[in-house]
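> Model the full structure from these sequences, guided by the hints.
Protein chains in written order, with this note's numbering: chain A, 1 to 166; chain B, 1 to 450.
Some hints could be false.
[Stated by the list, open to error] Dumping the calculated DSSO-like pairs for lysine-lysine here, alpha-carbon to alpha-carbon at most 30 Å: (1) B/K249 to A/K148; (2) A/K75 to A/K3; (3) B/K278 to A/K150; (4) B/K249 to A/K140; (5) B/K434 to A/K122; (6) B/K370 to B/K394; (7) B/K149 to A/K23; (8) A/K148 to A/K160; (9) B/K373 to A/K109; (10) A/K150 to A/K105; (11) B/K70 to A/K23; (12) B/K23 to B/K9; (13) B/K149 to A/K25; (14) A/K3 to A/K23; (15) A/K10 to B/K202; (16) A/K140 to A/K160; (17) A/K150 to B/K184; (18) B/K249 to A/K122; (19) A/K75 to A/K109; (20) B/K70 to A/K10; (21) B/K149 to B/K23; (22) A/K23 to B/K23; (23) A/K25 to B/K184; (24) B/K32 to B/K300.
Bear in mind the hints are in silico, worked out from the structure with no lab data behind them.
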Amino acid sequence: MSKFNEEQLKEFSRLVARYPEGKQKSALLPVLHLAQDSFGGWLSAETMDYVAALLHISPIEVYEVATFYSMYNLKPIGKHLFEVCQTGPCMINGSDDIIDYIGTKLGIKPGETTTDGMFTLKTVECLGACGYAPMMQLGKHYREHLTKEKVDAIIDECRKNAATNN
Amino acid sequence: MGVKLLLEKANVPGIRFFETYRKEGGYHAVEKALKQMDPAAIVEEVKKSGLRGRGGAGFPAGMKWSFIAKPEGVPRHLVCNADESEPGTFKDRYLMEFLPHLLIEGLIISSFALGSNDTYIYIRGEYAWIVDILEQAIDEAKANGFLGKNILGTGFDCNIYVQRGAGAYICGEETALIESLEGKRGNPRIKPPFPAIEGLWKRPTVVNNVETLAAVVPIINMGGDEYAKIGVGRSTGTKLISACGNINKPGVYEIDMTISVEEFIYSDEYCGGIANGKRLKACIPGGSSVPILPANLLLKTAKGETRLMNYESLSDGGFATGSMMGSGGFIVLDEDQCIVKNTYTLARFYRHESCGQCSPCREGTGWMEKILKNIDTGKGKMSDIDLLWDIQRKIEGNTICPLGDAAAWPVAAAIRHFRDEFEWHVKHPEEAQKRNYGLAHYADPIHVPA
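Below, the structure written as structure tokens:
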């Protein structure tokens, strides 16, 4: 089972220290982000139990939170997660076409991962980039004013990064 | 050019960093507030300013502050609501990304006024890179003696922490936000007790929007009375508007609330007109929850008066012929946009974001989404339109928090003003898959292309 390394434990302690004594449960959302980033981009039941033990809360308190918030992935995802916004303002600016284009190009539907484990496509609701639509979140950052050409370039960029990292 | 109180320095290179911000006059308001004023005097200035909550509800900020309970020995907390998630709204993001120190400065003053020694910024989880920007600004402020222990030798201690959410629109509702900050699901609480009495960890808490707290800086610098002179009526000061949709210049604009909707859409200083030479069909002027208005009711009120970009004028006529200022998320739809499809995507959004606590919202948002999808894809029945109307009426006012209303209003307004377009979709299901209904009678009557 995976556990936080020293550096991750230091970040864990920094997060917990922000709340009064006995209110360490408040750190649950940030700690789940830390766990997801540390253990392959998703939260397994084992990971959630580990977080529960670290925070001295019961596992159910972690499960109910992990299943409520849309940013926690409850099953494995690809190396690169494309989260494409589909709400009103993005729809007006052609997000449907962008979602179709990515799906066709990668051979997957929203919610699916490519067989090589490289890409996951997910449709999401409004991310607060309505003036720069259409858009998607990739990792920590937004990619905005998407066009088919830009999508091509992003996919190439991800593939290149993967090649250099291996 | 209108008055700029918040974004005046947004384009100064390096304004994101303490040194430049300070050189440009930053943190002067903190010095003034902490050294020359007491907490009660600060609350009084904010009351005098007439500042209204910029998150969407428009509740007077000074009054909200005055409700905070002060039981002996119980810590109080200020929480900054940076969970900006209302479709069409991206103004707080802009403020935090480009002027982080303006928010930090407003937070220090407001924390002093409310007696909060530990203040939290709850930011939507997707704004991950902004967390770094804010934490850097906090570190810089601390290194320069504006945060931490004994700020500026006044004996006031204050720390600010940034808490990331994890993807839930509902956490923009203040009691859901508090639940989330306590490490729970974002289920809104039943009120009373209000957060001012029992909030974070059952302690007295004030939750304010990013823009509201940033506006405290100019209010302290210029005085509440001077701030109140800007704008009109009960719409004092300036407001950030995030404009998007089919316009030439989408982006974030600071307006004093005296300009007309027409000027805002068509002037080059703001939206720069409708993109691609098209005509204006409709607009959602205050974030996706507020009623959509057809162009003819948007530019002029039902009484034929010019509609202005402020709280009173945008709501003139009530929901029958008006809308709301809301969060300032200004979504413009041109003649090629389909009202049914637009309403469907918003209904899907609210179904996705309903926390599931109250049956009318949990069930009703799902029903509305399904029915709208059917109409949009040519499978609708004429009776569906009345059914939609019936469902939205049964959601509105019947839920613990305003998400139910927020889901009901867009559907109600779309049917109220664009019923003929819904009927056309039902009567001509095949044609509706090939072309849009167009402008019909609700086109902009003022700007007619030659």
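> Under the criterion that the straight-line Cα-Cα distance not exceed 30 Å, is the pair B/K23, B/K9 satisfied?
11 Å, holds
> Are the Cα atoms of B/K434 and A/K122 separated by 30 Å or less?
27 Å, holds
> Compare the distance between the alpha carbons of B/K278 and A/K150 with 30 Å, and conclude whether the hinted pair is satisfied.
26 Å, holds
> Compare the distance between the alpha carbons of B/K373 and A/K109 with 30 Å, and conclude whether the hinted pair is satisfied.
Distance ~19 Å between B/K373 and A/K109 Cα, so the pair holds.
> Taken at face value, is the distance from the CA of B/K202 to the CA of A/K10 at most 30 Å?
29 Å, holds
> Does B/K184 sit within 30 Å of A/K150, going by the straight-line distance between their CA atoms?
Given pair A/K150, B/K184 is violated - Cα atoms ~38 Å apart, limit 30 Å.
> Given the hinted pair B/K149 and A/K25, is their alpha-carbon gap at most 30 Å?
Holds: B/K149 and A/K25 sit about 25 Å apart, inside 30 Å.
> Straight-line Cα separation of A/K3 and A/K23 no greater than 30 Å?
Holds. A/K3 to A/K23 sits at ~23 Å (cutoff 30 Å).
> Next pair to validate is B/K249 with A/K140; report whether the Cα-Cα distance is within 30 Å.
Cα-Cα ~26 Å, so holds.
> Within 30 Å, alpha carbon to alpha carbon, are B/K70 and A/K10?
With Cα atoms ~36 Å apart, B/K70 and A/K10 exceed 30 Å; violated.
> When you check the alpha-carbon spacing of B/K149 and A/K23, does it fall within 30 Å?
With Cα atoms ~22 Å apart, B/K149 and A/K23 stay inside 30 Å; holds.
> With the threshold set at 30 Å, check whether the alpha-carbon distance from A/K140 to A/K160 stays at or below it.
Holds - the C-alpha atoms of A/K160 and A/K140 are around 18 Å apart, at most 30 Å.
When the structure is compared with the earlier hints, violations turn up for hints 17, 20, 22 and 24 and for no others.
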